[in-house]
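Using the sequences provided together with the hints, build the complete structure.
Number of protein chains: 2
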Amino acid sequence: MLIREVGERGLIAMIHRMQPTPAPGFVGIGDDAAVVPGDPAGWLISQDMLVEEIHFRWDWSTPEQVGAKAAAVNLSDIAAMGGIPAAVLTSLALPANLRVEVVEDLIRGLTRTLDRYGAYIIGGDTVGSPDRLVLDVTILGRPGASGPIRRMGARPGDHLLVSGRLGASYAGYQLLSHGGHWPGNNITERSVLVAHLTPTPRVELGQAVAPFVHAMTDISDGLEAEVEELTRFGGIGAEIQIDRLPIDQATREVARIYGVSVEEFALYGGEDYELLMAVPGSRLPNVLEAANHVGVPVTDIGRVTDEPGIRWQLGGEEVEWDGRRAFDHFNR
Amino acid sequence: MLIREVGERGLIAMIHRMQPTPAPGFVGIGDDAAVVPGDPAGWLISQDMLVEEIHFRWDWSTPEQVGAKAAAVNLSDIAAMGGIPAAVLTSLALPANLRVEVVEDLIRGLTRTLDRYGAYIIGGDTVGSPDRLVLDVTILGRPGASGPIRRMGARPGDHLLVSGRLGASYAGYQLLSHGGHWPGNNITERSVLVAHLTPTPRVELGQAVAPFVHAMTDISDGLEAEVEELTRFGGIGAEIQIDRLPIDQATREVARIYGVSVEEFALYGGEDYELLMAVPGSRLPNVLEAANHVGVPVTDIGRVTDEPGIRWQLGGEEVEWDGRRAFDHFNR
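Protein chains in written order, with UniProt numbering: chain A, 1 to 332; chain B, 1 to 332.
If you are wondering where the hints come from, they were derived from the structure by calculation, not from laboratory data.
Source: prediction; values computed, not measured.
Note that beta-carbon positions come from the ideal geometry of N, C-alpha and C, so glycine has one too.
Only part of the chain B face toward chain A is listed, based on derived beta-carbon distances under 8 Å:
(1) A34
(2) A87
(3) I122
(4) G123
(5) V134
Here is the structure:
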């Protein structure tokens with residue numbers, strides 16, 4: 001059996017099975033971040049690796065953009081737990097013939113983005129690499145006053161809300177795959193390239209809505225996969241209104257140019273780094289106010305249901321949706 | 001300027017310069033592990049990356065040995081702080097055509113070694129890689145009752161002690177480089193191959209001696225480089241008795257076969273993962289007793305002096321020693 005046949009979720013399940021249950025106070029494998037106990041509130045910790053040619057290419061991104069994206073994907077995990085970023089460790093595998101200025105720019109992108117959210121580098125490792133650059137960031141954050149917000153906890157009747165826009169990152173990826181280049185030729189191109197190359201982690205939003213949500217996760221692998229994650233336990237499912245998905249005009253234009261359904265970008269594209277929340281009806285006004293307070297749009301896209309699986313609705317009618325595979329780095 | 005010209009220490013210094021000073025309670029870049037504040041005693045955290053073809057080769061190591069070594073090098077950082085291992089995060093970059101059994105064996109080596117010291121995996125990341133496997137482990141540990149034991153703090157007159165044996169790992173590396181294979185043809189080969197492929201982190205020793213040492217670090221980059229680290233601040237230096245270095249018979253035999261000075265193995269070989277301690281004379285009996293208690297030999301190899309630099313002695317006479325470059329993955 002090969003890695004490509006098992007996929008990311010299969011691998012994580014295997015590693016999970018090979019591990020004993022964490023000690024009391026710990027939250028282990030299976031959420032956006034692990035939880036490490038301590039007073040006053042312990043720590044959230046998460047780790048994300050970027051590999052040259054898989055996650056970034058030097059002809060697509062500047063070194064500063066690569067560093068900024070590495071920071072953003074890690075910050076997004078802390079955001080998804082409603083946490084407050086604090087510190088990171090950074091491991092770099094570097095080819096011996098790489099120019100030092102590339103690393104300097106990459107670290108600058110990383111530290112500038114971290115600094116924006118109050119975090120900084122406290123350690124890491126630098127090692128050689130035969131050819132490609134690999135960058136692995138571990139982030140530590142504090143839980144907010146509501147404690148760590150988990151992926152599990154959604155209840156039937158909860159509203160499902162997403163922040164920002166979906167599919168723009170994948171539209172940017174499509175553009176780059178077809179020969180597009182940063183900074184793009186017009187506002188449409190720039191808009192989707194920014195989404196792909198330097199996504200914005202929803203750190204303030206995560207903290208602001210934390211007191212009002214039952215469950216939350218970030219949207220890194222496409223909306224469908226994340227709705228599945230949010231409804232994985234407790235015999236629940238979801239009903240999603242496809243025509244309510246927040247897809248912006250730039251993303252629609254790119255999808256049209258390449259003749260792809262824009263819903264595919266939103267549902268399976270991945271790397272959006274928006275937040276998906278399950279919110280009880282009574283708390284909906286609080287979430288909308290909190291989102292308004294931090295200036296991030298949120299959209300109500302459906303409900304949590306009391307039966308497993310996802311049902312798709314379009315124009316008020318239930319539709320069949322031939323779910324493509326979720327975004328998987330081993331099958332990209 | 002290229003990475004190979006700057007080297008690992010130059011790179012770390014650059015990253016350090018680009019960072020703001022950590023907040024109170026944190027210890028940032030520059031020790032075996034960073035310190036994250038919290039009650040009762042906060043957390044130690046460290047990160048080490050292993051790259052295929054740089055740190056390991058599939059024709060030299062079994063997957064289980066690679067996992068065990070990844071655990072050991074991280075556990076060694078916690079040992080060097082006198083800490084108690086607790087949990088790890090593991091990022092894996094995996095080629096799509098790798099067999100899943102390889103990853104399973106690697107994780108087994110990792111978890112078995114961690115389990116021996118009471119630690120387990122709580123998170124991480126799995127991503128694709130174009131061809132080579134990269135493994136990055138972040139370890140969390142608790143400081144011991146004496147708090148985090150730093151690299152700085154050695155005082156003139158302190159005895160310098162090292163645990164175990166030096167140079168054996170590099171002897172194993174030499175053997176492998178010359179066509180040797182695990183498990184080796186005899187006890188000599190097996191002894192140095194074990195040292196290189198599955199080093200033993202000195203976790204119990206680190207905790208046992210912590211109350212009695214002024215400073216401590218693990219010996220990952222060769223003894224000379226680590227003595228420099230231990231005497232970097234405060235205008236101090238060291239006097240090392242070359243003929244007291246603990247070098248075992250197997251290492252001497254391998255050095256003789258390849259016509260290399262065995263002292264070079266010990267001073268510049270790297271990857272020993274033994275502990276180097278600065279111990280005040282009054283505490284020497286305590287350290288010897290503590291080491292005896294946990295069954296690890298320690299050897300008194302010299303003294304901390306009140307002038308910068310390392311002086312080498314051989315048979316009671318000061319000798320010139322043409323320091324080769326410290327072990328550096330970018331120039332290996």
